[in-house]
Amino acid sequence: MKGTNIGEFEELVLLTIASQIDQAYSVMICDEIERVTGRKVKLGVVHSVLNRLEEKDLINSRLGEATKARGGRRKRFFEVSKAGKAALIKAKEQRDQLWNTIPDVVFKEYFLQF
Amino acid sequence: MASNQDHNQPPKWANRLLEWYCREDLLEDLQGDLHEYYDRNLKKGRRIANLIFIIDVFKFFRSYTFRKLKNKYKMNSYMLFKNYFKTSVRSLARNKLFSFINIIGLAVAMSVGLLVITMIVESRGFDTFHEKGDHIYRVINTRTDARGDEFKMATTSYFLSQKLEDVAGYEYKTTLYGGFGGDADTGNKKLIITGLWASKDFFKVFSFPLIKGDPATALAEPNSLVITEDTSYKLFGAEDPMGKLITVGEREFLIRGVAQNPPKNSHFTFEALGSYVTKVNENQSDPDWSASTSMWITYIYMTIPHKEDVNQINHALRQICDTENEIIAPLHITSKLQPLDEIFNGAALGNQLGPTLPSSAALVFAILPFIILLTACFNYTNLSIARSLRRTTEVGVRKVIGASRWNIFAQFVIESIIIALLALLVSGIIYIPLREQFLILLDGDGLSLPITWSVIGSFVLFAIFAGILASIIPATTLSKFQAVAVLRGVSNVKLFAGLTLRKILLITQFSISTILILGTLILNKQYIHATSYDLGFSTDQILNIELQGNNHNLMRDAFATVPDVKSISRSEHILHSSMTHLKDGKYKDPLDSAQVHINFIDEFYLSNHQFSLIAGENFRYRPDSAEEQHVIVNEKLLERFDIDPLNALGEKIELEDKKLAILGVVKDFNHSTLDAPIEPFAFRYDPTKYRYLNLAINADDYIATIDRLEAVWRNFDELHPFSATFYDDEIDRAYMMFSMLIKVVGFLAILAISIAAMGLLGMSVYAVETRIKEISIRKVMGASVIKLVYLLSKGYIWLLVVATIISAPLTYFIINEMIISEFAYLAPMTVGDVLSGLILVFMIGLVMIGFQTYRAAQTNPAETLRNE
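Order-wise, the sequence lines are chains A and B.
If you read the first sequence in my numbering, its first letter stands for residue 1, the second for the next number, and so on.
If you read the second sequence in my numbering, its first letter stands for residue 1001, the second for the next number, and so on.
Hints should not be assumed to be uniformly reliable.
Said to hold, decoys possible - Computed list of lysine-lysine pairs in BS3-like fashion (alpha-carbon distance at most 27 Å, straight line):
| no. | chain 1 | residue 1 | chain 2 | residue 2 |
| --- | --- | --- | --- | --- |
| 1 | A | LYS40 | B | LYS1086 |
| 2 | B | LYS1307 | A | LYS68 |
| 3 | B | LYS1043 | B | LYS1132 |
| 4 | B | LYS1204 | B | LYS1307 |
| 5 | B | LYS1043 | A | LYS40 |
Claimed, not checked - If you want the footprint, here are the derived chain A segments under chain B, 3+ residues with CB under 8 Å:
| no. | region |
| --- | --- |
| 6 | 62-71 |
| 7 | 79-87 |
| 8 | 97-103 |
As the list claims (entries may be wrong) - If you anchor each label on the Cβ, the simulated ranges turn out as follows:
| no. | chain 1 | residue 1 | chain 2 | residue 2 | range |
| --- | --- | --- | --- | --- | --- |
| 9 | B | ARG1023 | A | ASP57 | 16 to 26 Å |
| 10 | B | PHE1061 | A | GLN20 | 34 to 44 Å |
| 11 | B | PHE1129 | A | LYS40 | 58 to 68 Å |
| 12 | B | ASN1083 | A | LYS92 | 47 to 57 Å |
| 13 | A | LYS92 | B | ARG1023 | 31 to 41 Å |
| 14 | A | LYS40 | B | TYR1064 | 50 to 60 Å |
| 15 | A | ASN100 | B | PHE1061 | 21 to 31 Å |
| 16 | B | PHE1061 | A | TRP99 | 21 to 31 Å |
| 17 | A | ASP31 | B | PHE1061 | 49 to 59 Å |
| 18 | B | ASN1083 | A | GLN20 | 44 to 54 Å |
| 19 | A | LYS40 | B | ARG1023 | 52 to 62 Å |
| 20 | B | ARG1023 | A | ASP31 | 53 to 63 Å |
| 21 | A | LYS40 | B | SER1448 | 53 to 63 Å |
Quick caveat, the hints were computed from the structure, so don't treat them as lab data.
From the three backbone atoms N, C-alpha and C, an ideal C-beta is built for every residue, glycine too.
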């Protein structure tokens, strides 16, 4: 039911976490998404998405070591859970399937421009 | 170092807010994130970083970050409350008419309560600004005369002030003497000022801060004056008044201090203070001044730091009085201390320094609105119980699910509190104009009824109180239902539980309304009687003009030139409206003295006011300088001294050490308001005492005439405002308290009857609703509309009759006790008065019931029976 399909932004966040093995935490996820997509990402949005993903068991989290930065507060690191990986693969497969069904003609003009 | 680190920290309060609301498992990480951003933003400036941090803290206030209530019980009661609130609002919305009656009824009753609360809150704040407030005491006195009449007063004597010099136990003492003031003249500017004579330690006892001058010495020397900021500004503008000479009345003063304007919440205020020692020096040789019986204008205040010493000083006062009482017998004076906080709200005393709100008056003001509030609560009780049947199932289901009796009770109390709070909003709308009206009624007498936060807080508490009061009975009844009995079928519940109670409440409501209405009618009759009473002399078309220190001869001659002025007389007092002087009078027996009312008049006074001279003759013109020889008395005086009326002329009466021969005798007349009996009275002739001109006027256009008179006045006196009042208005004013009482009681009566009428309306709507099928069937069977109306309303008519039987004798009793004992000359209360009041109440009741029942009887039976 709900939870097997993930939204576009959720997917972005999941992918980012997956790409930053063991190093993904909220602020850096924000920065990374901003860097790749070029769009402004609010911490609040990322935070609530992280919270939702965790509730859906798509990601796991653990607290890191205390450092002097961040006013002495620990970071919460995220990793993609088994279910999360399955969801990502499912999303990718669905897309690939769709890509594969598109006849070459459709993108012919687009490619020619380059 | 620490401060440097502090500089790079986000605002603490925002951090704490985050810690407060955020779930623990999310907190650390989120806080860290925000800190990281904060550090980044510091590049843009600390202020912007702070701002972003604060905004973020607020933005993270979301459902998932919010801390769930830890305690299971807490959560439960929170949910329950939410549920109560919801059901209450729904039930309110469902029964619009009943909610309306309840809310409006409560609102009307509460608006008066709010007024009382404002008044009480304000009066509690009186005299609280004195630093030594807890230690300030005033000497108060009870004077008992030979007849045993007691007069309690706030004033005492110079004599006692002197005696207290030798008594130990107090820290500072100040003696005040009333009536300071008059025309202040700086040479450039004139102003009328009022104030007090005050002795040197005035500023040590009271906290009236001085802006300029030394509080220790400002009033120490004779002819010293302290003025307030306002007075200083009016007299000198921006100039420094210190050390300036100024004339007040006939005396010269040196200004030695400027005081802050006295605050409004003080039991006395002043525009200027003259040094008391000035007054003492002037009167040193006058034996009257230092007599212990001259106790009408002097006040003594002192600070007593230790509570133990209060008793000691009281004891000393008793001893002083005991010794003195032997000398002044049969007069008897007792003195004691009164703490400052009991002055404004304490026992009613004569000769107060300023306006006060005696506790007895405050009590009446508080009780009447409480009664009105009760009647509104009765409405709520009645309607809730009547409608309780509708909600039995709800109660039953709740109980089955596991609600305790207490839960159900709480639910209905909360529902009632919600209604009361809604009523509070509505009553606010009524309260605002009511407050304005009340202020006009009070005529700026000390109270200004400010609306402060503490007043508003008290309002809310009051509404909650009203809510609880209204709901106690219905909540008890409803929570008593047995779940099983209720759910098995409504018929198992005692249908008319509380029916007797409802009847009693309705009867009480209508009795209260009837009493108030009858009271108003009778008071009004009394007022009309008092103001149109034949006093024994004529006040018709007489205009009294206050001389205010101007020469009476000059003024009289000036006014005499104005057309429409028929004749002019002069007098010291205006009879009936103001107090006359009371002096001890003696006849032959030097030991037998009686109090005699005195008015100084001229030779035109008696004819001008159409007094009837039954023997002897009127005064004749006498130059100002000639010796006073004659007196004109009333019959009561002859009676009192056992003088034979036939041989009274020429007999000598001793007044103020003067032997005056009786020149004439006037028929008895009412010299005071009708609450006082006619007493011995003497007219004397002394041109130095005149304070009023009495102008008999015969004009078509009074306003034009008064304008002309005022123009004449302006030629003589630019300083004092022209003060002229028609004698009849003056008399009306003497009964001001009375007309105020009528307005207040009348207003409450209107409120009570409207609330009762609304309650009756609600009850009859309910009765019709529950019996609509019965009515329809009866109608089908052939009952006439009139019969149906009679059937439906007969129960209520009985209630009205019972209420009447209870209230009419009760009113008679209360009025007799309160008014008849006060008034010496009373309008008789007739059966007609009572009947008219009763008919009014009855009519209102009948209209309320009749309207509903008639409508029900008119409905088409098919409409209601079709569904069966």
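Against the structure, the hints come out as follows:
| no. | hint | verdict |
| --- | --- | --- |
| 1 | LYS40(A) to LYS1086(B) | violated (43 Å) |
| 2 | LYS1307(B) to LYS68(A) | violated (63 Å) |
| 3 | LYS1043(B) to LYS1132(B) | violated (57 Å) |
| 4 | LYS1204(B) to LYS1307(B) | holds (19 Å) |
| 5 | LYS1043(B) to LYS40(A) | holds (19 Å) |
| 6 | 62-71 | holds (count 4) |
| 7 | 79-87 | violated (count 0) |
| 8 | 97-103 | violated (count 0) |
| 9 | ARG1023(B) to ASP57(A): 16 to 26 Å | holds (18 Å) |
| 10 | PHE1061(B) to GLN20(A): 34 to 44 Å | violated (29 Å) |
| 11 | PHE1129(B) to LYS40(A): 58 to 68 Å | holds (59 Å) |
| 12 | ASN1083(B) to LYS92(A): 47 to 57 Å | holds (48 Å) |
| 13 | LYS92(A) to ARG1023(B): 31 to 41 Å | holds (34 Å) |
| 14 | LYS40(A) to TYR1064(B): 50 to 60 Å | violated (22 Å) |
| 15 | ASN100(A) to PHE1061(B): 21 to 31 Å | violated (46 Å) |
| 16 | PHE1061(B) to TRP99(A): 21 to 31 Å | violated (42 Å) |
| 17 | ASP31(A) to PHE1061(B): 49 to 59 Å | violated (24 Å) |
| 18 | ASN1083(B) to GLN20(A): 44 to 54 Å | holds (48 Å) |
| 19 | LYS40(A) to ARG1023(B): 52 to 62 Å | violated (27 Å) |
| 20 | ARG1023(B) to ASP31(A): 53 to 63 Å | violated (25 Å) |
| 21 | LYS40(A) to SER1448(B): 53 to 63 Å | holds (58 Å) |
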